[in-house]
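Chemist: If you read the protein sequences in the order shown, they are chains A and B.
Per the numbering used here, the first sequence starts with residue 1, numbered consecutively.
Per the numbering used here, the second sequence starts with residue 1, numbered consecutively.
Warning: the hint list may mix true and false statements.
DSSO-like cross-link-like pairs, simulated, lysine-lysine; straight-line CA separation at most 27 Å [what the hints assert, rightly or not]:
#1 9/B / 101/A
#2 54/B / 23/A
#3 9/A / 72/B
#4 54/B / 126/B
#5 126/B / 23/A
#6 72/B / 126/B
#7 6/A / 189/B
#8 6/A / 72/A
#9 9/B / 72/A
#10 54/B / 6/A
#11 126/B / 9/A
#12 23/B / 23/A
#13 9/A / 80/B
#14 9/A / 163/B
#15 101/A / 54/B
#16 23/A / 101/B
#17 54/A / 23/B
#18 6/B / 23/B
#19 101/B / 101/A
#20 54/A / 72/B
#21 80/B / 126/B
#22 23/A / 72/A
#23 101/B / 6/A
Where chain B lies over chain A, by a calculated footprint (3+ residues, C-beta under 8 Å) [to be verified]:
#24 7 to 15
#25 45 to 52
I should point out that these hints are in silico values taken from the structure, not numbers from a laboratory.
Cβ coordinates follow ideal geometry from the N, Cα and C atoms, glycine included.
Below are the chains, spelled out letter by letter.
2 protein chains.
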Amino acid sequence: MQFPEKISKMVEHFSRWPGVGEKTAIRYVLSLLRWNHDDLHALSSAIAELTLLKRCQECGLISEETTCDICKNHERFLHKTICVVEGVADCFAIERSGEFKGAYHILGGVLSPLQQIGPNELTIDKLLLRIERRDIREVILALNPSVEGDITCSYLRDVIPLKVRVERIGMGIPMGGNLEHLDVLTIHKALENRRSL
Amino acid sequence: MQFPEKISKMVEHFSRWPGVGEKTAIRYVLSLLRWNHDDLHALSSAIAELTLLKRCQECGLISEETTCDICKNHERFLHKTICVVEGVADCFAIERSGEFKGAYHILGGVLSPLQQIGPNELTIDKLLLRIERRDIREVILALNPSVEGDITCSYLRDVIPLKVRVERIGMGIPMGGNLEHLDVLTIHKALENRRSL
Chain A
1 MQFPEKISKM VEHFSRWPGV GEKTAIRYVL SLLRWNHDDL HALSSAIAEL TLLKRCQECG
61 LISEETTCDI CKNHERFLHK TICVVEGVAD CFAIERSGEF KGAYHILGGV LSPLQQIGPN
121 ELTIDKLLLR IERRDIREVI LALNPSVEGD ITCSYLRDVI PLKVRVERIG MGIPMGGNLE
181 HLDVLTIHKA LENRRSL
Chain B
1 MQFPEKISKM VEHFSRWPGV GEKTAIRYVL SLLRWNHDDL HALSSAIAEL TLLKRCQECG
61 LISEETTCDI CKNHERFLHK TICVVEGVAD CFAIERSGEF KGAYHILGGV LSPLQQIGPN
121 ELTIDKLLLR IERRDIREVI LALNPSVEGD ITCSYLRDVI PLKVRVERIG MGIPMGGNLE
181 HLDVLTIHKA LENRRSL
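One chain only, chain A, in its complex shape:
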């Protein structure tokens, strides 16, 4: 016997999610079958409503309006600092830490000659405009550590006016990390970034 078509359609949808294989997808669908109809309809319309979300026209963050809450908030520009991230998820991750009080800029990825992502595929021009218009003094590059991330950082340092300080977030051993299990590159970066106590 095959799954009823409605179920296999759902399994197909869920299998497209990150880290979800067929087995997990089936598990999710079967758990949905135990929900009551009201909850299922609520979930269904919540997903349909995602199509109403926009990109903030200034920083590129997901937002309910054309300008996001952060870009609308003047206090976030008081320090004249912009944190550049690859994607929306990175921005939310930094916001959750509560450590950063400035504004963000979503780059939309990193430079990657192999995947044919050049400066024009990213929001670099927009970033330069914002730096000028908002009189930004400091840019923090919160790009993930990778060869492409490194290249992108160098490129950004080159194109951002010299009077603007450009810094990259620290790389090294993560909290709770274990030297024994860390990869060589991380250990290399951790040694490179050592600080005197």
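Fit chain B to the supplied structure of chain A, relying on the hints for placement.
Modeler: Relative to chain A, chain B alone:
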């Protein structure tokens, strides 16, 4: 900054799924944001359509119609065997193995005095009626190994007519399992269920 409300609503929905915490839920929502609108609407209506699924009035399996494909198929009753499972997921798991050609019966759980699940909360009466009406000769109990599963098996053996053979699926080391890492109870069952070669 908080997530836009549409996103946090989705995170709440997904967090109800088995094994999905807040972090995974956020990851799923962010991946959905990369889908195009057509796909999102398709997923949304697929979820809404789940409410149209029914329970097979005979065996209790999820079905598009009032009687499921298995119960409609006379060949599945040729061997006069019914396989009793706790829930729908177990039935699909056995079907995937392709090993069983008989019919199923979804019990809806196992007896559990602690959770106040007695015989009336399960579909035991229905099972007995089916055994009689379909002239079933063999019942295979495919209940998960647990104290409640054991109690339920004994109870079912007591109430099913003696002329019907009642068997429970084998318990022991799973394929690819490793004695070293298995729990004591499984090893106990494996020794108990040893077979001469």
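Chemist: A separate judgement is required for each hint: does it hold in the structure or not?
Modeler: Each hint, compared with the structure:
Taken as a hint, the residue 9/B and residue 101/A pair is honoured in the structure, with Cα atoms around 25 Å apart against an allowance of 27 Å. The suggested pairing of residue 54/B with residue 23/A holds, with an alpha-carbon distance near 22 Å, which does not exceed 27 Å. Between the alpha carbons of residue 9/A and residue 72/B the distance comes to roughly 23 Å, so the proposed pair stays at or under 27 Å and holds. Proximity of residue 54/B to residue 126/B is assessed by CA-CA distance (about 17 Å); at most 27 Å being required, the pair is judged to hold.
With a C-alpha separation of about 30 Å, the suggested pair residue 126/B and residue 23/A falls outside the 27 Å cut-off, and the hint is violated. Restraint check for residue 72/B and residue 126/B: satisfied, since their Cα atoms lie roughly 17 Å apart, inside the 27 Å limit. Taking the CA atoms of residue 6/A and residue 189/B, the gap is near 39 Å; set against the 27 Å cutoff, the hint is violated. Straight-line distance between C-alpha atoms of residue 6/A and residue 72/A comes to about 43 Å, which puts the hinted pair past the 27 Å bound.
A hinted pair counts as satisfied when its Cα atoms are at most 27 Å apart, and residue 9/B with residue 72/A qualifies at roughly 23 Å. A threshold of 27 Å between alpha carbons decides the hint, and for residue 54/B with residue 6/A the separation of about 11 Å falls inside it, so the pair holds. Pair hint residue 126/B plus residue 9/A does not hold up; C-alpha atoms about 31 Å apart against a cutoff of 27 Å. At most 27 Å may separate the alpha-carbon atoms for a hinted pair to count; residue 23/B and residue 23/A meet this at roughly 20 Å.
Between residue 9/A and residue 80/B the CA atoms are separated by roughly 32 Å; this puts the pair beyond 27 Å, and the hint is violated. The suggested pairing of residue 9/A with residue 163/B is violated, with an alpha-carbon distance near 43 Å, which exceeds 27 Å. This hinted pair does not check out: residue 101/A and residue 54/B have alpha carbons roughly 52 Å apart, beyond 27 Å. The hinted pair formed by residue 23/A and residue 101/B meets the criterion: a straight-line CA distance of about 22 Å does not exceed 27 Å.
Using a Cα cut-off of 27 Å, the hinted pair residue 54/A and residue 23/B holds, with the two alpha carbons roughly 22 Å apart. Under the criterion of a C-alpha separation no larger than 27 Å, the hint pairing residue 6/B with residue 23/B is consistent with the structure, at around 16 Å. A distance of roughly 63 Å separates the Cα atoms of residue 101/B and residue 101/A; the hinted pair therefore is violated under the 27 Å criterion. Distance hint between residue 54/A and residue 72/B is unfulfilled; the C-alpha atoms sit about 49 Å from each other, more than 27 Å.
Between residue 80/B and residue 126/B the CA atoms are separated by roughly 16 Å; this keeps the pair inside 27 Å, and the hint holds. Taking the CA atoms of residue 23/A and residue 72/A, the gap is about 43 Å. The hint is violated against a cut of 27 Å. Note on residue 101/B and residue 6/A: the hinted pairing holds, with a Cα-Cα distance of about 24 Å set against a maximum of 27 Å. Coverage of the region 7 to 15 of chain A by chain B holds in this model, with 4 residues showing a Cβ closer than 8 Å to a Cβ of that chain against a need of three.
Interface restraint, the region 45 to 52 of chain A with chain B: holds (8 residues with C-beta to C-beta distance below 8 Å; minimum three).
Consistency note: the structure conflicts with the earlier hints numbered 5, 7, 8, 11, 13, 14, 15, 19, 20, 22.
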